[in-house]
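With chain A's structure known, arrange chain B on it following the hints.
2 protein chains.
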Amino acid sequence: MKPATDTSEGHHVVVIGAGFAGLAAVKNLRAKGVRITVIDQRNHHLFQPLLYQVATTILPTSDVAWPIRSLFKHRPDVTTLLARVVGVDKDARTVHLANAEPLTYDTLIIGTGARHSYFGNDEWEAAAPGLKSLEDATTIRKRILSAFERAEVADDPAERAALLTFVIVGAGPTGVELAGIIGELAHRILPKEFRRIDTRQASIHLVEAGPKVLPFFPDPLSEYAVSALQRLGVTVTTGQAVTGIASHGVRIGDTEIPARTVLWAAGVTASPAAAWLGVPSDRAGRVEVQPDLSVPGHPEIFVIGDAASVVQADGQPVPGLAPAAKQQGQFVARLLNARFSRRRPPTVFRYRHLGNLATVGKGAAVADFGRIRLKGVVAWWLWGVAHIYFLIGTRSRIAVALNWLWSYTTGRNSARLITQRDAYFDEPG
Amino acid sequence: MKPATDTSEGHHVVVIGAGFAGLAAVKNLRAKGVRITVIDQRNHHLFQPLLYQVATTILPTSDVAWPIRSLFKHRPDVTTLLARVVGVDKDARTVHLANAEPLTYDTLIIGTGARHSYFGNDEWEAAAPGLKSLEDATTIRKRILSAFERAEVADDPAERAALLTFVIVGAGPTGVELAGIIGELAHRILPKEFRRIDTRQASIHLVEAGPKVLPFFPDPLSEYAVSALQRLGVTVTTGQAVTGIASHGVRIGDTEIPARTVLWAAGVTASPAAAWLGVPSDRAGRVEVQPDLSVPGHPEIFVIGDAASVVQADGQPVPGLAPAAKQQGQFVARLLNARFSRRRPPTVFRYRHLGNLATVGKGAAVADFGRIRLKGVVAWWLWGVAHIYFLIGTRSRIAVALNWLWSYTTGRNSARLITQRDAYFDEPG
Numbered sequence: 001m002k003p004a005t006d007t008s009e010g011h012h013v014v015v016i017g018a019g020f021a022g023l024a025a026v027k028n029l030r031a032k033g034v035r036i037t038v039i040d041q042r043n044h045h046l047f048q049p050l051l052y053q054v055a056t057t058i059l060p061t062s063d064v065a066w067p068i069r070s071l072f073k074h075r076p077d078v079t080t081l082l083a084r085v086v087g088v089d090k091d092a093r094t095v096h097l098a099n100a101e102p103l104t105y106d107t108l109i110i111g112t113g114a115r116h117s118y119f120g121n122d123e124w125e126a127a128a129p130g131l132k133s134l135e136d137a138t139t140i141r142k143r144i145l146s147a148f149e150r151a152e153v154a155d156d157p158a159e160r161a162a163l164l165t166f167v168i169v170g171a172g173p174t175g176v177e178l179a180g181i182i183g184e185l186a187h188r189i190l191p192k193e194f195r196r197i198d199t200r201q202a203s204i205h206l207v208e209a210g211p212k213v214l215p216f217f218p219d220p221l222s223e224y225a226v227s228a229l230q231r232l233g234v235t236v237t238t239g240q241a242v243t244g245i246a247s248h249g250v251r252i253g254d255t256e257i258p259a260r261t262v263l264w265a266a267g268v269t270a271s272p273a274a275a276w277l278g279v280p281s282d283r284a285g286r287v288e289v290q291p292d293l294s295v296p297g298h299p300e301i302f303v304i305g306d307a308a309s310v311v312q313a314d315g316q317p318v319p320g321l322a323p324a325a326k327q328q329g330q331f332v333a334r335l336l337n338a339r340f341s342r343r344r345p346p347t348v349f350r351y352r353h354l355g356n357l358a359t360v361g362k363g364a365a366v367a368d369f370g371r372i373r374l375k376g377v378v379a380w381w382l383w384g385v386a387h388i389y390f391l392i393g394t395r396s397r398i399a400v401a402l403n404w405l406w407s408y409t410t411g412r413n414s415a416r417l418i419t420q421r422d423a424y425f426d427e428p429g
Numbered sequence: 001m002k003p004a005t006d007t008s009e010g011h012h013v014v015v016i017g018a019g020f021a022g023l024a025a026v027k028n029l030r031a032k033g034v035r036i037t038v039i040d041q042r043n044h045h046l047f048q049p050l051l052y053q054v055a056t057t058i059l060p061t062s063d064v065a066w067p068i069r070s071l072f073k074h075r076p077d078v079t080t081l082l083a084r085v086v087g088v089d090k091d092a093r094t095v096h097l098a099n100a101e102p103l104t105y106d107t108l109i110i111g112t113g114a115r116h117s118y119f120g121n122d123e124w125e126a127a128a129p130g131l132k133s134l135e136d137a138t139t140i141r142k143r144i145l146s147a148f149e150r151a152e153v154a155d156d157p158a159e160r161a162a163l164l165t166f167v168i169v170g171a172g173p174t175g176v177e178l179a180g181i182i183g184e185l186a187h188r189i190l191p192k193e194f195r196r197i198d199t200r201q202a203s204i205h206l207v208e209a210g211p212k213v214l215p216f217f218p219d220p221l222s223e224y225a226v227s228a229l230q231r232l233g234v235t236v237t238t239g240q241a242v243t244g245i246a247s248h249g250v251r252i253g254d255t256e257i258p259a260r261t262v263l264w265a266a267g268v269t270a271s272p273a274a275a276w277l278g279v280p281s282d283r284a285g286r287v288e289v290q291p292d293l294s295v296p297g298h299p300e301i302f303v304i305g306d307a308a309s310v311v312q313a314d315g316q317p318v319p320g321l322a323p324a325a326k327q328q329g330q331f332v333a334r335l336l337n338a339r340f341s342r343r344r345p346p347t348v349f350r351y352r353h354l355g356n357l358a359t360v361g362k363g364a365a366v367a368d369f370g371r372i373r374l375k376g377v378v379a380w381w382l383w384g385v386a387h388i389y390f391l392i393g394t395r396s397r398i399a400v401a402l403n404w405l406w407s408y409t410t411g412r413n414s415a416r417l418i419t420q421r422d423a424y425f426d427e428p429g
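So the sequences go chain by chain: A and B.
Quick note on numbering: the numbering used here labels position 127 of the first sequence as 127, and the sequence is numbered without any gaps.
Quick note on numbering: the numbering used here labels position 255 of the second sequence as 255, and the sequence is numbered without any gaps.
The hints are simulated quantities; they were obtained by calculation from the structure and are not laboratory data.
It cannot be assumed that every hint is accurate.
[Claimed, not checked] Each computed DMTMM-like pair below joins lysine to aspartate or glutamate, with the alpha-carbon atoms no more than 20 Å apart:
id, chain 1, residue 1, chain 2, residue 2
1, B, K90, B, D292
2, A, K27, B, E193
3, B, K142, A, E135
4, B, K73, A, E193
5, B, K192, A, D77
6, A, K32, A, D77
7, B, K73, B, D89
8, B, K27, A, E193
9, A, K90, A, D77
10, B, K90, B, E300
11, A, K142, B, D292
12, A, K90, A, E300
13, B, K32, B, E9
14, B, K27, B, E9
15, A, K73, B, D198
16, A, K73, B, E193
17, B, K27, B, D106
18, B, K73, A, D198
19, B, K142, A, D136
20, B, K32, B, D77
21, B, K27, B, E300
22, A, K90, A, D292
23, A, K192, B, D77
24, B, K212, B, E223
25, B, K90, B, D77
26, A, K142, A, E159
27, A, K142, A, E125
28, B, K362, B, E223
29, A, K27, A, D106
30, B, K32, B, E135
31, A, K212, A, E223
32, A, K32, A, E300
33, B, K142, B, E223
34, A, K142, B, D136
35, A, K32, A, D106
36, A, K192, A, D219
[To be verified] Derived Cβ-Cβ restraints for the label pairs, each shown as a range:
id, chain 1, residue 1, chain 2, residue 2, range
37, A, A158, B, P291, 45 to 53 Å
38, A, Y389, B, D156, 43 to 51 Å
39, A, R412, B, R188, 33 to 41 Å
40, A, P258, B, P299, 28 to 36 Å
Because the structure is a prediction, the values reported are computed rather than measured.
Don't be surprised by glycine CBs; every beta carbon is placed ideally from N, CA and C.
Only chain A is shown next, with the shape it has when bound in the complex (with noise of 0.2 Å):
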């Protein structure tokens, strides 16, 4: 597509980390004689926007991963290792590696995204896992089914109440999500199958710090979302911080709640790359990068997706969302390209916002276009359409789209499996 020139010929560009940012980046990025080499410490490309749904027993973990090498299969200039990166040497524009030889770059682009953040209270993570990996995924999953199991065979009630006692910490997209289909469960799917416990009887709370559900979505909509998560039987509390985190429960303000499932969706923070760069970032840890995305001093260096601090021209930052790391992908990806070709690189990144949506349970959903604001089940079918387009690969798209076929129509869920090894009677409690 672009003309050879001296300037690429050679030329080697790092990608860190195969999430939306990066995969748009190398996606887009073609030139004549550059090698890429993309690194990820994962063997697969997440749709995270789907991945609650893999916590939930609705999909399989085969349905939103896809292994990043197989993405670039036809594409001979792209080199796929499965690495850990352990430092960046500016100087050297080397990238160090835990289980390989460095490797040496003349264009580095970090999109390596945001884990949790427990807001200094690590010790939270046992208790509460939260969402950002297939693993992740599969720990939820089990701790899910693992609480109605056990309560099927506890003979103490305050046990029994307290396993069939969920909370969920943060209520943004990921936080309702999660406790409408936990309310699913208990109200709509299991309670045919046990016979000692009516699952209807789960508490299920979504507890929120701030002072609404869903904080980034308009005021009538976030109400819509409560109403709807309270019909599925979700206690929902706002403008109360979780205070305590433990095996046995959760302390919310002065109330202790005992529950023996709590998950965490409540806070991230970006990635080490700070860090590896020795450069400042803010205070979720993101690098704060130049309008061109770039690394203050280091034109060579680009920093992309939830790793980036972006703040545009009006002063509003860039939000942490899949369709805003893609964005800057194509963005670095393009200037790429025009480097490369010696035309003139374009100098400032711009969000264009697409809109933001989110899903509450079976035929309710949130879609907040600016003017254009939906609620209830034309919200939902646009969620599902749009995530379905969104899907990497035809094989994806089908498979997802019988799974909800089957999953809304039936009742049944296909994924409701506990995997892990030893998952079950290993666990304290």
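Okay, now just chain B, sitting in the frame of chain A:
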């Protein structure tokens, strides 16, 4: 269906193990007033004949496993418990559980299957996992995929060669199927995706101590399987016993093969049912049962499936196959249904052999129905249709059919994910 009688009213049947045997017993056991409790240490029934396809990236876990309690959703007489049995008190007619109160029974059915046996070399297990559970399958999948990934980043040619060497011990159907699909991965699916290694240079060894592969098949079919394996680049060795297995390789006779991936498909031993019951077992740990599958001296206890050693009237042992386990479950259900309705119960289990099937790779399988023997594409289609027929439920049948169609037409496998927590980096080597 069955008339109510005094004998069945309030009768409690406890079934341990929801494999093919236990499931068939519960499905066919229906008598008014009889309560049934199914105990399993997993929350899912597993379709073991296709488990090797999970291990080799073709099928996702959720296509070959179903939550046990969902199978009995419409059977209010059946209670499912996720629990681990630690012992049986035959006098008190009580089953002791690790995680719940003891259960008393009137009739006990044990179908707890078999697990790997390393013939006294239990230290081999860490280096050479076997294939019995979903976790075993994802462990093996992780090992196979990680070996190729590590080879791609390895610098030392000897290390790279060891990473690209796969040894499968045991050439029964599972060993042959594993070797065949690893051959397909290395030669047909992965070559285009790696840049530093040529996956076609992988060495795949299938090692059998006995005189031939697929020992239960007639010679011409065994010979066909060998030639089909060789076409996929598999080296077949028979009449040679493995004398050592460690993380750096395998010793076969006096020869050392450096190999980082060793898979065990050589032997099984029965579950601890004989120890629970304090009754005699055969060399493979199986309980020696009466012709009606009951335990000698205990007409109220039955052992069925791979946990039982059943010798037929003609002196022939019943083989450890899924259809045999199902038939035994059906037999015990029929016996109990008769007993409950005061009809004369059947006294001798008779195994009806349906044939043997095994696949080698795409388009290659063998089928032995006594007088009719098939090999090649026809056997392969038959194998596929038979396995889809025996899956549980419409969704699984559609999902497996679509995954196969996809995999065989596009050469892309759906489930090529390395998914265990810290799977890749924490492993030695």
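A quick look at each hint next to the structure:
no. : hint                        : in the structure
1   : K90/B x D292/B              : 19 Å, holds
2   : K27/A x E193/B              : 16 Å, holds
3   : K142/B x E135/A             : 13 Å, holds
4   : K73/B x E193/A              : 5 Å, holds
5   : K192/B x D77/A              : 12 Å, holds
6   : K32/A x D77/A               : 9 Å, holds
7   : K73/B x D89/B               : 30 Å, violated
8   : K27/B x E193/A              : 16 Å, holds
9   : K90/A x D77/A               : 24 Å, violated
10  : K90/B x E300/B              : 10 Å, holds
11  : K142/A x D292/B             : 39 Å, violated
12  : K90/A x E300/A              : 10 Å, holds
13  : K32/B x E9/B                : 7 Å, holds
14  : K27/B x E9/B                : 19 Å, holds
15  : K73/A x D198/B              : 14 Å, holds
16  : K73/A x E193/B              : 5 Å, holds
17  : K27/B x D106/B              : 18 Å, holds
18  : K73/B x D198/A              : 14 Å, holds
19  : K142/B x D136/A             : 17 Å, holds
20  : K32/B x D77/B               : 9 Å, holds
21  : K27/B x E300/B              : 19 Å, holds
22  : K90/A x D292/A              : 19 Å, holds
23  : K192/A x D77/B              : 12 Å, holds
24  : K212/B x E223/B             : 8 Å, holds
25  : K90/B x D77/B               : 24 Å, violated
26  : K142/A x E159/A             : 18 Å, holds
27  : K142/A x E125/A             : 16 Å, holds
28  : K362/B x E223/B             : 17 Å, holds
29  : K27/A x D106/A              : 18 Å, holds
30  : K32/B x E135/B              : 38 Å, violated
31  : K212/A x E223/A             : 8 Å, holds
32  : K32/A x E300/A              : 18 Å, holds
33  : K142/B x E223/B             : 31 Å, violated
34  : K142/A x D136/B             : 17 Å, holds
35  : K32/A x D106/A              : 15 Å, holds
36  : K192/A x D219/A             : 37 Å, violated
37  : A158/A x P291/B: 45 to 53 Å : 50 Å, holds
38  : Y389/A x D156/B: 43 to 51 Å : 45 Å, holds
39  : R412/A x R188/B: 33 to 41 Å : 35 Å, holds
40  : P258/A x P299/B: 28 to 36 Å : 47 Å, violated
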